[in-house]
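In order, the protein sequences belong to chains A and B. The first sequence begins at 259 in my numbering and counts up one residue at a time. The second sequence begins at 941 in my numbering and counts up one residue at a time.
These aren't lab readings, by the way, just hints derived from the structure by calculation. Just so it is clear, CB atoms sit at the ideal spot from N, CA and C, and this is done for glycine as well. Be aware that one or more of the hints could be misleading.
[Stated by the list, open to error] A few chain B positions that, by computed beta-carbon distances, are all more than 12 Å from chain A:
(1) 1037
(2) 1047
(3) 1061
(4) 1087
(5) 1107
[Stated by the list, open to error] Per the computed footprint, the stretches of chain B lying under chain A, defined by three or more beta-carbons under 8 Å from a beta-carbon of chain A, are:
(6) 1013 to 1024
(7) 1065 to 1072
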Amino acid sequence: MPTLPRFLCFVVCLLIVAFRPLPVAAQGVPDVTLGVTKTAFAKIDILVGTLDVLSGGLAAVEAAAALERTLSRDLEYSGLFRVGSGEQPAPAGDLNFEFAIRGSVEGPLRDAQQTGRDAPTTVSLDLVTHPGGQLILNKQYRPVPDQLRTTAHHFANQVVEMLTGEPGIALTRIVFSRGSADRRDLWVVDYDGESLLRLTANRTLNLCPAWSPDGSEIAFTSYQNGLQGLFSLKTATGEVRRIIAQEGLNLGADWHHTGRELAVSLSRSGDPDIYRVSPQGEILHRVTGLPSIEISPSWDPSGRDIVFTSDRTGTPQLYVIGSEGAGSRRLTFEGRYNDSASWSPTGDNIVYATRETDITQLVLIRPTGEERRLLTDWRWRNCEDPSWAPDGRHIVFASDRTGAFKLYVMDVVDGDVRQLTFGDEPDITPAWSRN
Amino acid sequence: MKVMGMNPRRVLCFLGLVILAAGMVFATGCGKKPEPQTEPEVIVEPVTETIQEPVVPEVPAEPQPLVDYTRMQPSEYGIEDVYFAFDRYDLDDRALGVLTRNARILKDHPEVIILVEGHCDERGTVEYNLALGERRAKAVRDHLIRLGIPTDRLRVTSYGESRPFALGSNEQAWAQNRRAHFARP
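With the rest of the complex left out, here is chain A (with noise of 0.2 Å):
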């Protein structure tokens, strides 16, 4: 029977990466907390219980286990919880519990044992009050092993839309660019840095990817006979179509809201402009004219204004324009290099990057140009290509603190840290998911 075996395998994995001790190199630094006033926002304390197997054997015991781990992780990584597990009830001391999921795992059941891998185990997940038992949400499921940690991350969803009215970011995922020199290629991988896939095998450089709104497509750049181009993903079928290659630069698409269309940059006339295409790449609209570079356009979430990088004042910074190309007004006035703004989904804040000296640092900023600060410092090395979680709470980074470039996630509120990707090679340009 191959199932066990490949099951077992699967879950030796998942153990492998979720105990990993911490990296090497980043012992360094000793304590990721940046540079970021810690707010007195008060988690929720919520118990993850040890889920009762009914029927299924080892298999039914692994499986709950991995239920258990990667839902303890998806509340953790929320950065709304602190969670306690089973076993240790209390490990951080005096938690408090209001909440604990609970829950059983029967199967797979024999008659399906038939049809090996694909045998679908029953689960039941409720998150209940502690320690009064109240059942406030249920749910039931049939995954088959492949989709036990799709159904960790659909519960945690609903545990943290429940209790915070916040959307869960558990199957969100991340796109970026891999690679060095001659080849970089997009990559994509789970928000908790599971399942890791590449996308692309062209032989070229492929940056600056980006979804579409409701995640069936990817937009990113690439050469082809040395020339850059806009194109497009399906990341169902991996199948690839060019949406513009005008002369010059296409670069830094971003998706509106509605899908219908594209902020992006080209250089068809001279300098890059920030223009609008639609998704098969027709132009629609020419949103800035000056003879100056203006580049690395988003969105704020309501669609109606672009923040984008211009040196039209012989350095580049940060402003905002109305999609129709009225009203631009300047958001940075402080450092000599500023880039790469991403507009929060939450609209209430812009993530960007500022170089000082020879080092590239993120910076938060309101879209009024108030209440600007640093949220990494030197001991970080260069930081760089920030996008932000569809939680308006998360962003995912690039830096070279370990040596190439990886990709980092940190809760901009209490300034967590955790590194998202690993190995040698630079990662660069990372992507969030909108949902």
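Starting from the known structure of chain A, arrange chain B on it as the hints suggest.
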């Protein structure tokens, strides 16, 4: 002299060893004659020769009628790259000299189409460096046009910081990477 004052027993022992060693060498030498001759020569490979030489011979190849320049990299017929200062895209005197020589070569080979690639050092952001790289490439293209090279023979692209020529985070590597490179499209 103390050097000569060696223990005679030691000297004997040493001599004995020398004789023994010589005997062994002789024995093995006689034993298998055809083999060992090939080996020693391979070891004497000079390591220095593998170092990459970016500069191309100044003599732009002899006039050989069969050479197809459109199939060669521009550096192979004497076209040189142009370098830039940090954050700059203006052409200094050295760059102008290089472009003057490049233009003369390009005029001698009117069949050649050239791709001018703009490159940047690793400092700064991916996107702004792509824009800066394009400015560098266009500054070079525009000057070549002023020197009489037809526009349709010159294409422009930018790789920003994505394709460094030299690795390393120091001024030496950075200076190598701030350039306009000429390539076959």
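| Quick check: which numbered hints come out false for this structure? | Of the numbered hints given earlier, those the structure breaks are 3, 5 and 6, listed in rising order.
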